[in-house]
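**Student:** One letter stands for each residue in the lines below.
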Amino acid sequence: MNEFTTWDILRNLLLAARWTVLLSLVSFIGGGLVGAALLFARIGKGRIGPTFVKAYVELFQGTPLLMQLFLAFFGLGLFGVDVPAWLAAGVALILWSAAFLTEIWRGCVESIARGQWEASSSLGMGYLQQMRHVILPQALRIAVPPTVGFSVQVVKGTALTSIIGFVELSKAGTIVTNATFEPFTVYGLVALIYFCLCWPLSRSSQILERKLNVAHRNH
Amino acid sequence: MSLIEITEVKKRFGDNEVLKGINIDVAPGEVVAIIGRSGSGKSTLLRCINGLEAIDEGSISVAGAQLLPDELHLKALRLKVGMIFQQFNLFPHLTAGRNVMLSQMVVKKTPKAQAEAMAKTMLERVGLGHKFDAYPDQLSGGQQQRVAIARALAMQPIALLCDEITSALDPELVSEVLAVVKELAGEGMTLMMVTHEMRFARDVCSRVVFMHQGRVHEIGPPEEVFANPKTPELQQFLGVTH
Chain A
1 MNEFTTWDIL
11 RNLLLAARWT
21 VLLSLVSFIG
31 GGLVGAALLF
41 ARIGKGRIGP
51 TFVKAYVELF
61 QGTPLLMQLF
71 LAFFGLGLFG
81 VDVPAWLAAG
91 VALILWSAAF
101 LTEIWRGCVE
111 SIARGQWEAS
121 SSLGMGYLQQ
131 MRHVILPQAL
141 RIAVPPTVGF
151 SVQVVKGTAL
161 TSIIGFVELS
171 KAGTIVTNAT
181 FEPFTVYGLV
191 ALIYFCLCWP
201 LSRSSQILER
211 KLNVAHRNH
Chain U
1 MSLIEITEVK
11 KRFGDNEVLK
21 GINIDVAPGE
31 VVAIIGRSGS
41 GKSTLLRCIN
51 GLEAIDEGSI
61 SVAGAQLLPD
71 ELHLKALRLK
81 VGMIFQQFNL
91 FPHLTAGRNV
101 MLSQMVVKKT
111 PKAQAEAMAK
121 TMLERVGLGH
131 KFDAYPDQLS
141 GGQQQRVAIA
151 RALAMQPIAL
161 LCDEITSALD
171 PELVSEVLAV
181 VKELAGEGMT
191 LMMVTHEMRF
201 ARDVCSRVVF
211 MHQGRVHEIG
221 PPEEVFANPK
231 TPELQQFLGV
241 TH
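Read top to bottom, the protein sequences are chains A and U. The first sequence begins at 1 in full-length UniProt numbering and counts up by one. The second sequence begins at 1 in full-length UniProt numbering and counts up by one.
Excised from the complex, chain A in its bound form (with noise of 0.2 Å):
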């Protein structure tokens, strides 16, 4: 009765792929752009941009990912408004990474060391030169290996999509599956898939931890 070769489901399961990259770029690139804003309100010297940024965060990073969706998905609709679910995964996912990001970022920029701060005042620059010349700089080194990290996260985060019935891999799985009940299969190159766009990230956040490292062997 088998009428899908392997070659049938691994086809789908590629073509479906493409949406989990693209949702992955759209999350992360969007993530990242909001993050830095945030950041900046969160290491500003004013008082309602770090409270805001801090319940922001606190928001997102104590409740799953999975009610997030939902509730860009259904609560949007309880309203009357009518979200496509490609839209609500990616709100969802950048305002995730977003919350991430910033707290990642933020830890980098107060790892620099006060005297830098200090030295930098001591000659005459304000806090935007600080930012850009001093302390922006050194932080980037140090936050290129855990922002690598987190894109994992990323990548895995967008499985979750599916719930809300965006056809990215995973999604694509449970429907060839219902197509070829063979559902070892079809999820074993699902997993397999999802391994091959990893595996390289957190490889290479490996290695560039391990170069960084050795730029900065003395501190």
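Certain hints may be false.
[As the list claims (entries may be wrong)] Dumping the calculated EDC-like pairs for lysine to aspartate or glutamate here, alpha-carbon to alpha-carbon at most 20 Å:
| # | chain 1 | residue 1 | chain 2 | residue 2 |
| --- | --- | --- | --- | --- |
| 1 | U | K80 | U | E5 |
| 2 | A | K45 | U | E71 |
| 3 | U | K75 | U | E53 |
| 4 | U | K108 | A | E118 |
| 5 | A | K45 | U | E53 |
| 6 | U | K75 | A | E118 |
These are calculated hints, taken from the structure and not from any lab test.
For this one, chain A is given, so just place chain U on it according to the hints.
**Tutor:** Chain U in isolation, oriented as in the chain A frame:
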């Protein structure tokens, strides 16, 4: 006419009053050593002078520039007073030359070529002209501190504050840094330095301030302060027994 005027300065950290009314006037070209036990407030005083710590009472002015806590006044003041730190605080992502060039270009908007020429001159002056392209982690502690001095000098300050600048150095590296400071003193630079190098204070400084529990306990020319300490606290600090 004094260059640095410190009048009735008080500073508290919470309930702990660290400076309890300090008065010191420093004339142009004077080299003032501040000595005292740790916790006596000597580093805090130095950090107050260029606004790294805000003062609670009193006033500080440098060549007419009043210390006020807004960014504009702070910047004006910091252009007149350079500071050198115990931990060097070089920017680790920049070469020695770039370290010296950065603030000239960013703060004073000096064109790059001119900043580079100035950086070369200043690094020559501290004996490190050949290390222009070296990163801080390729330099010894003494060399890093000398780059830090060059970096402060490149801003052409009229006074330098030195906060225990040899305390983090291996003993054999102390002299190369002190030699540079001595040369600056000889050229007429106004210096205020917190130091534990008593011999250096005796040989180079024009006045010595002994701080004790947040106050100026004794002040005078080094011959007097070292040879003839009046208070029991200073006698004990210097290890003199009468």
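**Student:** Each hint should be assessed against the structure and marked as holding or not.
**Tutor:** Here is how each hint holds up against the structure:
Note on K80/U and E5/U: the hinted pairing holds, with a Cα-Cα distance of about 13 Å set against a maximum of 20 Å. A distance of roughly 13 Å separates the Cα atoms of K45/A and E71/U; the hinted pair therefore holds under the 20 Å criterion. Distance check on the hinted pair: K75/U and E53/U sit about 14 Å apart at the alpha-carbon level, within 20 Å; holds. Our distance criterion of 20 Å between C-alpha atoms is met by K108/U and E118/A, whose separation comes to about 18 Å.
Using a Cα cut-off of 20 Å, the hinted pair K45/A and E53/U holds, with the two alpha carbons roughly 17 Å apart. Proposed proximity of K75/U and E118/A is supported: the alpha carbons are some 13 Å apart, at most 20 Å.
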